[in-house]
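Protein chains in written order, with this note's numbering: chain A, 1 to 291; chain B, 1001 to 1286; chain C, 2001 to 2122.
Rather than coming from a laboratory, the hints here were simulated on the basis of the structure. Each hint should be verified, as a subset may be incorrect.
As the list claims (entries may be wrong) - Below, computed lysine-lysine pairings styled on BS3-like, alpha-carbon distance capped at 30 Å: (1) A/138 / B/1262; (2) A/214 / C/2010; (3) B/1115 / B/1147.
To be verified - Here are the in silico distance ranges between beta carbons for each label pair: (4) B/1260 / A/234: 25 to 31 Å; (5) A/237 / B/1284: 33 to 39 Å; (6) A/67 / B/1050: 34 to 40 Å; (7) A/116 / B/1236: 39 to 45 Å.
A virtual CB, placed ideally from N, CA and C, is assigned to each residue, including glycine.
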Amino acid sequence: MKQLLILSGKGGTGKTTLAGAFIKLADARAYADCDVDAPNLHLIMDQSSEPKRTGYCGLPKAEIDTQLCVQCDLCRNYCRFDAIKNHHEYQVDGYACEGCGVCQAVCPVNAVSLKPAVDGELRLYSDGSRVFSTAQLKMGSGTSGMLVTEVKRQMRSVIVDGKLAVIDGSPGIGCPVIASISGVDMVLIVAEPSISGVSDMERIIKTAQTFQTKMAVCINKYDINPEKTQKIKLFCQGRGIPIVGRIPFDAEAVKAVNNGQAIVDLDCASGRAAREVYDQTIKILFNNIAL
Amino acid sequence: MRIAVLSGKGGTGKTLISVNLAAAAQTSIYVDCDVEEPNGHLFFKPEGVQDEETAINIPSVDEELCNGCRICVDFCNFNALAYINGKLKIFEEVCHSCGGCALFCPENALSEKDKFIGKVQKGVSDNVTVNTGILNIGEASGIPLIKKLLNENELAGGSPTFIDCPPGSACIVMESIKDADYCILVAEPTLFGVHNLNMVYELVKLFDKPHGVVLNKCLEGENPAEEFCLEKGIRILGRIPFDDELGILNSNAQIAVREKEKYRTMFSSLLQIVTEEVRHETVANP
Amino acid sequence: MRIAIPVDEKSIGASVCQSFGRAPYFLIYDTDSKESEFINNSAAASQGGAGIKTAQAVVDYRIGALLTPRCGENASEVINAANIKIYKTTDASAPDNINAFINGKLSLLDEIHRGFHNHGSK
């Protein structure tokens, strides 16, 4: 099974909407939402069953036993993350703590210990023939590449038929994005024709290129700024990155999303364009072999 | 007065709103904390730009002094060190810069050196001081950059500061809103928008931050984000209609307030509402 | 010579684990004495740098070769520094791969994937 990852750099360019369309068009049996910060894919994919939920523990966090603490201040002095607070008594700010263990090691009275902490929840929807893996990071938790890796692993843990797995990525270029690219067969970048969109696209392309994964770009809402659409084209041509289609701005797409539907469920301009993007992407992903 | 602009979802208009509010103020500071994909500087095109590289500490070994005791290898909870064939190997990108290895090395064989992860760029665009954090490609975490951006910004003479936050509700956002006096949540009228608005709403409640919502890209007809605000009793600060003209200005990275009087009026009145809100909050909770 | 293979379970016919750093166990096989033993991989549960820690543990076991379907950048750096060769397993079971290795049928792993970048937080 080939894994296709949809990314954008900039948020709000239409990753999830397009991922939803691809899943419908391919009748994909395996899909995942790696935007663990702000997962949305579940809002447009109907789930017939309740998911299997698994707590996700990130790094352990320090805890101070105030009964034992002698207020020597060593932990606060050595903590690089400003995670030790002293309001009347010494406490650990769980949001700042990275679980390095320095405080534990410097404490002269063994008042500090590292305790596992739940940082999020993995959700697995599966009816045997279909698998949908998603997760939600707890608010204020570390943006976690590890949870992204777990989401992908969870998706692969259920063996289903089918040749295509669709993965919805997260915005940005940091740790979760790097974790999501690792191991996929192709990255499809959804670019938006604006100065911000072009700048972000260039950064995500540079990030993805270090993985030497197959890459293609599609332009969403291409008609909002033809000049920037042209700029995206030139940039991609200059780097040998194929453009697999252009999708117009379409108020129908907003309606589809608000009804919990994929854009290809409606007969609309953006849905038709998404089909074209899908066909071109599949050709590249499978080296012109029909699905 | 520090005002953070955030939205769970990317692309809802954080930059549009923070840039235009900063431009509408008499004098102001704009801080771009979306260090993975900073965009505000594209709008402001600041002048007199000065770069300051930002570094984190990573260990460096003096092989002469290292006796292979492996205390550092065992200590490192991130597994950034290995001792192979009589040599210590350090994996820089796995290191979290906690300093433990150097601290606990009995031979003093480990010291720390700088590793540059990005830069803070400062410049001026008319009435606005523009501070941008730019994370180097391939770096995992922008937190140190954000800390630097917000620490340095020890408010000059009470000018309002607008903090353009990264998307989401993870620690990087938390770091960005930590010292904010007020949070503006930007929401778009879609089901995704509402879902993600709920996330940042929970976040600002968790940190007890006064907040209000700006509804962006409002179309005719129902607005699920507006319904959400009414249901939860969240203050709606303003509504920005979906508008081709604003869309094109924004996509060309032009500052609407500086281009058209009608947008100056729109954002000035939004700024006034926000300022009132902040004042009210500071009086109520000094 | 001792060889190491990541495996999913502690049984003689075990299948090869698809991940190196996250493998729950390693099968250590001694080609001279023909004895097998299983070791627990405590690094599998680490938040980050699992490949590095696993590689350190495998190296400390004084093996001569590693047989694995895939191996990350960081782990391979550790293994290479110890002058241990990495061979690519085939889809078959662990014992089948051992036999293939003894018969010189396995080729060196040439594709090293970039790290999963499992920073637990931040």
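We went through each hint and held it up to the structure:
1. A/138 / B/1262: Distance ~41 Å between residue 138 of chain A and residue 1262 of chain B Cα, so the pair is violated.
2. A/214 / C/2010: Violated, at roughly 37 Å.
3. B/1115 / B/1147: Holds, at roughly 16 Å.
4. B/1260 / A/234: 25 to 31 Å: For residue 1260 of chain B and residue 234 of chain A the Cβ distance comes to about 29 Å; the hint holds.
5. A/237 / B/1284: 33 to 39 Å: 57 Å, violated
6. A/67 / B/1050: 34 to 40 Å: 51 Å, violated
7. A/116 / B/1236: 39 to 45 Å: 41 Å, holds
Going down the numbered hints, you'll see the structure goes against 1, 2, 5 and 6, while the others check out.
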